[in-house]
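Peer 1: Per our numbering, the sequence shown starts with residue 1148, numbered consecutively.
Just so you know, these hints were derived from the structure itself, not from any lab.
Source: prediction; values computed, not measured.
Glycine included, every Cβ here is placed at the ideal spot set by N, Cα and C.
Each pair of labels, with its calculated beta carbon distance range:
#1 S1284 <-> H1429: 43 to 53 angstroms
#2 N1414 <-> C1272: 34 to 44 angstroms
#3 K1434 <-> P1332: 36 to 46 angstroms
#4 H1390 <-> I1427: 12 to 22 angstroms
#5 Y1211 <-> E1440: 46 to 56 angstroms
#6 S1378 <-> K1434: 25 to 35 angstroms
#7 N1154 <-> G1202: 17 to 27 angstroms
#8 K1271 <-> N1297: 16 to 26 angstroms
#9 C1272 <-> D1230: 24 to 34 angstroms
#10 W1410 <-> G1240: 46 to 56 angstroms
#11 K1434 <-> S1367: 19 to 29 angstroms
#12 S1367 <-> K1190: 47 to 57 angstroms
#13 T1357 <-> A1201: 58 to 68 angstroms
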Amino acid sequence: MNNNAINALLSCKTPKDIQACINAGSDINTLDSFGRNILFYCKNPRMIDTLVKAGIDFNHADNYGHNVLFNQRNPHILKKLIDSGVDIHHKNGLGQTCLCSLADNISCCKTLINAGINVNNVDKCGRTILFYVKNHSIFDLMVQAGCDINHRDNQGHGIFEICYSLGDFKAKMLIRHISMKDSSPVIFNYLNSESLQIMDLLQKKNLNFTISDNCQVYLSANENEMSSFFSELKKKTDISNTHFRHIVLRGYDLREDIETIKWFIRNDIKMDKKQLEQHIRHDEICKYIAEHEKKKLSEIMKQTISLMPVKRRL
1148 MNNNAINALL
1158 SCKTPKDIQA
1168 CINAGSDINT
1178 LDSFGRNILF
1188 YCKNPRMIDT
1198 LVKAGIDFNH
1208 ADNYGHNVLF
1218 NQRNPHILKK
1228 LIDSGVDIHH
1238 KNGLGQTCLC
1248 SLADNISCCK
1258 TLINAGINVN
1268 NVDKCGRTIL
1278 FYVKNHSIFD
1288 LMVQAGCDIN
1298 HRDNQGHGIF
1308 EICYSLGDFK
1318 AKMLIRHISM
1328 KDSSPVIFNY
1338 LNSESLQIMD
1348 LLQKKNLNFT
1358 ISDNCQVYLS
1368 ANENEMSSFF
1378 SELKKKTDIS
1388 NTHFRHIVLR
1398 GYDLREDIET
1408 IKWFIRNDIK
1418 MDKKQLEQHI
1428 RHDEICKYIA
1438 EHEKKKLSEI
1448 MKQTISLMPV
1458 KRRL
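Build the full structure now, drawing on both the sequences and the hints.
Peer 2: Okay, here's the thing in structure tokens:
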């Protein structure tokens, strides 16, 4: 590794300067501490031509397994590098192409698509670019370019499994491209007050959905809103076996509040055991759960007895 040699080449302003360095004995394939040659830092199209003609390794991969396209955020330089022969289909150690690294830059994405990059490339996790895109326009661009919105990764997870970090974004993308959705169920890993509207839309389109057992819920602490939300949710799907992993109520700290937790218990809304175990009044919660289950069992027994035929004496 020779950072001084790299710096000397970087100081060149024109192709003539590059050629002068080469004539003076500079090795254009010298690598810096990141394992990168001068081409990784070149911002002048004419200098790229000079370096390629001089024999630079334009398909060299750095210490991260990236070739020069992965870090190039200028669409004009990106196109020049591709036209110069840099492999557009090169993959890093994760099985990702440069499209994944540039997924937040729509101009570069368009350049790569026009150059023929595979938008359905699958990485080692079994994921395509749509699993990583966080921009509406770029998501639409990838779909228009033929990226499969129904693809599932190695864990069987689909793109539209709505999670906490990208919940709103993925929900909007689902609504926008719902006509392309296949019959596989949409799995909700995250719920808020807007989720019911998405479920309504799915039902109108005769599309299935399910609530994951690790689902997170984010609502206000208003009892009327909670009651309305869970009442509607129970009408749309069975949550009797769902243990909500994390329930967040705006304005409330459930680690100290117990009345809200009792409300969940009374309404047969199960919470994750770990969340309850972390509560400062865990013992009291366990006692309340036991009393509630005992009461439910008693009611079931009463109903059963009332339905039994009565034997009359002769």
